[in-house]
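Based on the hints, put chain B in the right spot on chain A.
Each chain, written out:
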Amino acid sequence: DSGVTQTPKHLITATGQRVTLRCSPRSGDLSVYWYQQSLDQGLQFLIQYYNGEERAKGNILERFSAQQFPDLHSELNLSSLELGDSALYFCASSVEDRDYNEQFFGPGTRLTVL
Amino acid sequence: AQSVTQPDIHITVSEGASLELRCNYSYGATPYLFWYVQSPGQGLQLLLKYFSGDTLVQGIKGFEAEFKRSQSSFNLRKPSVHWSDAAEYFCAVGAYFGNEKLTFGTGTRLTIIP
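The listed protein sequences correspond, in order, to chains A and B.
Using the numbering used here, the first residue of the first sequence is number 17, and each one after it goes up by one.
Using the numbering used here, the first residue of the second sequence is number -8, and each one after it goes up by one.
Isolated chain A (complex conformation) (with noise of 0.2 Å):
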């Protein structure tokens, strides 16, 4: 258990819908990342947050947004969802916004997309 939740486990829903990812770093991180992993993208770094600002920006499509919370949570919005969106979605955390501050993964949200 990396002590990073991700909510919910699972999702399915429809083209053209609108759903929120939620994410719960480790106690103590700052920092918190999204990734998508799908068949045919792979592993991709989507954005990151620190302390309630967005640090980075990585293949996030214009329909995608996030933020991060006082209390650090973050959450991933995606919308006006397309077939091609399901993936996993992962977030991480770490404690500071370095890439060589190790970054503990979630277990992952499955969006599938009818």
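It should be emphasised that the hints constitute simulated quantities derived from the structure, not laboratory data.
Cβ atoms here follow ideal geometry from the backbone N, Cα and C, with glycine treated the same way.
Take the hints with a grain of salt, since some may be wrong.
What the hints assert, rightly or not - What follows is a set of in silico ranges between Cβ atoms, one per label pair, in the way DEER data are often shown:
id	chain 1	residue 1	chain 2	residue 2	range
1	A	Leu55	B	Pro105	24 to 32 Å
2	B	Arg13	A	Leu55	16 to 24 Å
3	A	Asn75	B	Thr(-4)	12 to 20 Å
As the list claims (entries may be wrong) - Simulated coverage check for chain B against chain A, where a stretch passes if three residues somewhere in it have a Cβ under 8 Å from a Cβ of chain A:
id	segment
4	36 to 42
5	95 to 105
Unchecked claim - Counterexamples of contact, computed for chain A against chain B with all Cβ distances above 12 Å:
id	residue
6	Leu27
7	Thr29
8	Gln33
9	Thr36
10	Asn67
11	Glu69
12	Asp87
13	Leu130
Coordinates of chain B only, in the frame set by chain A:
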């Protein structure tokens, strides 16, 4: 931008045999290098990491990896695999600074046969 290549999609090894998983990276400076393992239905767990110093790094579960700058490689090894090592293994590279965080390879699926 950095990139990671894991040339072996799937490897099958007999229990008790030695293992080597290949990883080649592309990065303009000295990279941060990581190996993660993903068991079915689980998140990613860090096996080991290289930042600087000794090019042979020891990790958890009896794994080690060797950084070879001249070959741009960071291969993962284990002298004797156990059935519980069956999983997907990801090599990743991290940047010191910039907008890209961990960049992952496509993964190598390891199957262990009795």
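Each hint, compared with the structure:
no.	hint	verdict
1	A:Leu55 - B:Pro105: 24 to 32 Å	holds, 29 Å
2	B:Arg13 - A:Leu55: 16 to 24 Å	holds, 21 Å
3	A:Asn75 - B:Thr(-4): 12 to 20 Å	holds, 18 Å
4	36 to 42	holds (count 4)
5	95 to 105	holds (count 4)
6	Leu27	holds, 15 Å
7	Thr29	holds, 20 Å
8	Gln33	holds, 25 Å
9	Thr36	holds, 19 Å
10	Asn67	holds, 16 Å
11	Glu69	holds, 14 Å
12	Asp87	holds, 21 Å
13	Leu130	holds, 21 Å
In the structure shown, no violation is registered for any of the earlier numbered hints.
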